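A.B. asks: Hints are included, so try docking the two chains, each in its own frame, into the full complex.
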Amino acid sequence: MHFKTPESLKLGLSQQQYIANDEIATILFLSQELGKPLLAEGPAGVGKTELAKSIAAASNRELIRLQCYEGLDETKALYEWEYAKQLLYTQLLRDKLQETLANSQNLTDAADRLAAEEDVFFSMRFLLQRPLLKAILSEKPTVLLIDEIDRADAEFEAFLLEVLSDFQISVPELGTLNAVHRPMVVLTSNNTRELSEALKRRCLYLFINYPDLEQELSVVRLKVPELSSKLARQAVELVQSLRSMDLRKSPSISETLDWAKALVAINARNIDQPTLERTLSVLLKHETDLQQARRVIQRMNKDGGVDDHPSFNPRLGRRN
Amino acid sequence: MDERIIQFIAALRSAGVRVSLAESADAFEAIKKLGVSSRNLFRISLAATLVKEASDQAKFEELFPLFFATSEVPPFDNLENELSDQEMRQLMEALQKYNRERLKRLLERLINGTPLTPQELQELADQVGMESAQDLRFRDWMAQRMSRALGFDALRNVLAELVEELERAGMSSERAQQIREMLADNQSSLMDQLREFAGQRIAEQMSKQKPEQAQDGLLNRPFGSLSEKEIDQLRKETRRLANALRTRIALRQKRAKSGNLDAKATIRANLKNNSVPIELHHREKVLKPKLVAICDISTSMRACSEFMLGLLYALQDQISKTQAFAFIDHLEYISPDFSKKEPNEAVEQVLYRLPSGHYNTDLGNSLKNFYDNFLNFLDNRTTLIVVGDGRNNYNNPRLDLFFQLKRRVRKVIWLNPENQSQWSQGDSDMQQYAPLCDNVLQVGNMAELAAAVDRLLG
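The listed protein sequences correspond, in order, to chains A and B. Note that the working numbering numbers the first sequence so that position 137 is 240, with each residue one more than the last. Note that the working numbering numbers the second sequence so that position 5 is 92, with each residue one more than the last.
Bound conformation, chain B alone (with noise of 0.2 Å):
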């Protein structure tokens, strides 16, 4: 039992729920206190410590009955039993000229009301390369590829067929349908079982799964590096890092030195000191920024400004308001996109409303959608974003309006993941923008753009 408790917990950690040592002890503690004779008491053990998300629930629940199952084998009929001698030949009949091997097997299996045997699952199983799947989200398709490979497909025809057939042969109507649905659903047991063993397959697959490695590789390598694992990866880290640059905003603010004089503490520190006025207290009115980030979304921006939004979305909280803008070769206004959605979501429905071209990047033309309709959004407590690399396909980079927008904010800060030694090449007009922007951030990787929202939010 424990042996699979630890492997239950290391394929929930594959699915990307982050459970401690100390938690996963805590779990056993749980256990011992309340037993493994009833299901539910166990489930809810093991829950309540281990998963302190409600958003990781659901994969909990999705997981849970794979490891500890309740029921081995789901319900099957055998006609035989059902039908008479005269039915069964007339049904043996009906189904005579389907004599291709495969379906005549899966035709008996579902007379008979055979289960697979756990021979039978793994050949289908190694039919279908169930081997590669590591992650749940394959559970349906691998279900449906081994179903495939019993031969499902012919069966929806045999089973259309069928009643006709059998009223042809001589029977009621009433008892042809009775007979097509004893079959049909001895086809949808046989598909839970499968849908059963291929979740119970990938699940151990999961548990198996090397614990992902340090992060902080990851964290310093190049976005335009990285495979799409990796980001998917990072993804999960975005959170985490939100919650640590978090703690150390909320700290700098404390410690904030200047604002008004706090009356209150003043007096009551000084006490002490017999109310002389030796230690002031101060209360920074603490002024959250406002936020208008710009964003490229272009295939090679597209990682960099995903990050940069989920980021900002994670810590909103400690901002009073953000506005998020896309671009490509014109500007999409999306805040309404990511207040709702995750991230990368987010920037994929964003990607369905605004295709990408071949190098269609325009800033100027989207610096101008700005101007004309967003302008509003910008006062003197406003810091503007803009994320991108500068290259606009040798389009009017609009310096006029881009010196216009930073007349208006109290901070123009760029972000782009090349070096400077990369601006003055080819159709780059960074060399143009950066004197414009109070400042101008490398953000080449997820450490560097992590220390760039912080001192953003500083």
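Excised from the complex, chain A in its bound form (with noise of 0.2 Å):
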């Protein structure tokens, strides 16, 4: 499906539960008009992924999904032959070959023969297609991801400005190979390392932060239903304030749903300190993280913060 406009992509986005702002969904339409590719950035678990598995399917296209590690090569990324059943091809094969070159006056004919067969050995049928092959042949339009680029190795990212320049590979054996349909591109890339100025100049570009306090409220009401408005406020508000900590992690958006779902499945009813401590470990993944909040928080409470509930124990504030 085509968007018209940035409004119409906004809400189909929304109709895959994905909540998008004004930017988001501005400049993945402009990525769909001007086919150029979308890198998204920013910190970990603020939804880049999300957005293209919502995008393919709000629009109804195949998502193809290139998971980038170090190491990565050509092989993994655009194809390769498959020896191995060529191999067994020209073992099963043996009897027919033998028949077709049979009758032959001489071993020139023979060759000439041989070599009238040898498309069938590369061909199609012999071609592993990777992800990025994938995209190009695809008959119908896709969304390709290439999943944290900055993981890759300098190479294989100018190789891959090659393909996404121009969408066509050239395998020797078979010719060139042009894409069907242009597939749509988002890159995501956790800013581990800088990625070639070239790239950049070729994609539109998107910082996905931290929502604020509202948009991560919707999306908290909107994965987890079930968990009361009360307590989701005070939930996000938490988080919130735990990403202006100096953490070496800070809780990303899919941690706040973790936690909201913790927190409907042990049923609280109020964030009092005893429901903190069993549940903080969803959202802070380090032991110094972990024991900073539980200060800050201590400290908040004394000030009459985030809760007044009469059953605080500042005990449990300490860890035993």
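Derived by calculation from the structure, the hints in this document are not laboratory data. From a predicted model like this one, the values you see are computed outputs, not experimental measurements. Just so it is clear, CB atoms sit at the ideal spot from N, CA and C, and this is done for glycine as well.
Short derived list, chain A residues pointing at chain B, Cβ under 8 Å:
#: 1; residue: P109
#: 2; residue: D125
#: 3; residue: L133
#: 4; residue: E144
#: 5; residue: S299
#: 6; residue: R304
#: 7; residue: L307
C.D. replies: As structure tokens, then:
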């Protein structure tokens, strides 16, 4: 499906339970209109990958995902010949081959006949399609998600540039393969290393940051509707204040959602100290972060901040 | 409109955002699709096509409203409409004693709530020398100076005394307070106008600035001869240089021919040879180097050390660990400063802790500091880098300690901006240090520095 306006795209995303702001919707729309790849950067867990999945679902396209990692190379990303299959076929087809070559007059004739059949062995049948080639050859329009491009090596990035600029791939044995439909490309990066300027130049740039309170609240309401709205607000407020602290790893949206689900699971009625004690490890994954957060929350409680629950027990603030 | 966008792009460039021609073409393409009717969509289209670094977005957000303004003039109140005739008279009497020309005019302006006309703004700009400002850093400063030229300084006292004066004239203190607020509101609107104007004017001047010349010349100029501005320019260049180096290093590592046999890749590659291993594939274990850098940051060496550290920290992903030290007369451990800040800020902060005196560079003492406190940073995988001119002010060079350090590390590399003929002159101890180093590289300019770093990481 082709979106006519940024608003309709936004609506489409929200039907996939993805709450996009104007910026996300507009840039995605531009990416569709200009046929340019979209580079989404931002901290981990703000929904970059989710965005690609949602746009694929919303526009009714198939999602093809290429997960990048150190050492990823063309044979894993583009295509590979299936030598084993080719060998197996030659073995099995031996009789047939001999038949073909049986009544050849001389060696040259035999070689010619063999050459005439050689296309059989270098055909799409034996070409193992990896994500990039799959996206290019797909009969239907697709969304190509190149996830965590910053983890791939610099030379893979250079190779990717070629593919992304003209969407054609040349396979020496077959010739040049052109894209049937230009896929919609979404690249994500956690910014663990600087991407090359050449790559950035070719992309539209979207920086997704942590959402503000209202946005995050609406995400929580949408994805965990079982949580009471009062509790949801308290929870999101707490997460937002955690993000403003200097933590080793700030809680992401997905962790907020996990936490919200945890709160539902333990049937919490209030975010008090004991509840926090039991569930905070869903949000924070480093011991030092946990300790720091506990100290801050305790201080907030003393000032009458987050909650004034009567069962508040300062002893639980410490870890035993 | 197109003209305005082009100016905007020029201003972005002059603020240090790299915008290529292709990207500005994209911006126009995007605007063609979405139009300019919605300011928000327009802003997003420009941002997505022009700005590709999260760190540059702040600059974009600052410049955008200056070129594509929403409201013309901030709101002013006319006090004549708000006050009764009697109150007005009282106010006039209270203010009568301020009869200096400039202040009087300013007070009238505040009472009537008249904004500054473009012509008046222009005069103010001429008075404070606005045309020399080429950077938005100067925006507030320029606005301040213009406000002073309008007489804002004297105004503070006037407003402080005004309430008392009005009360003495028989006005209720509440009403007097209100009047004071109204005047203060008009004053802050005036300040907003000045600030807006200063921003727009500076932004326009930025867009007229000539694009920076080719950097190659700059790369080959000796550090010592660079002006403050050129150093700034080079700083911007550091990251790009680091990117280029990274690609080169990564490619070189890829092509390496030695290492353990990669059985999987070998089998796969040789299936076509009926699994006879003709082509061998290796998996090289990339031993990323560990670096310990000891940098002289005395005045003569500062630029060189800063750029060197800047490059190293931009290439962190190619290095397993960098420990950085700075010295003048003694040694300071500075890695923590660098991990959080831009190199030039970090160096500034280090200099604050390590004030430079005159002619007090002492590498010998610094080596002793290192030997006593940080010896555990060295092991046989570490490369020790010394950035310095080896000029010790006739202090003890402590060659014995240097030798001890050398024995513990894989390689010692010395980066010296002076060439060999200068080593034997004056207070240079380079002749004595040099034989203990595995390599002494001359790094008189940025190009040589980049080549040296390339070699370090190879």
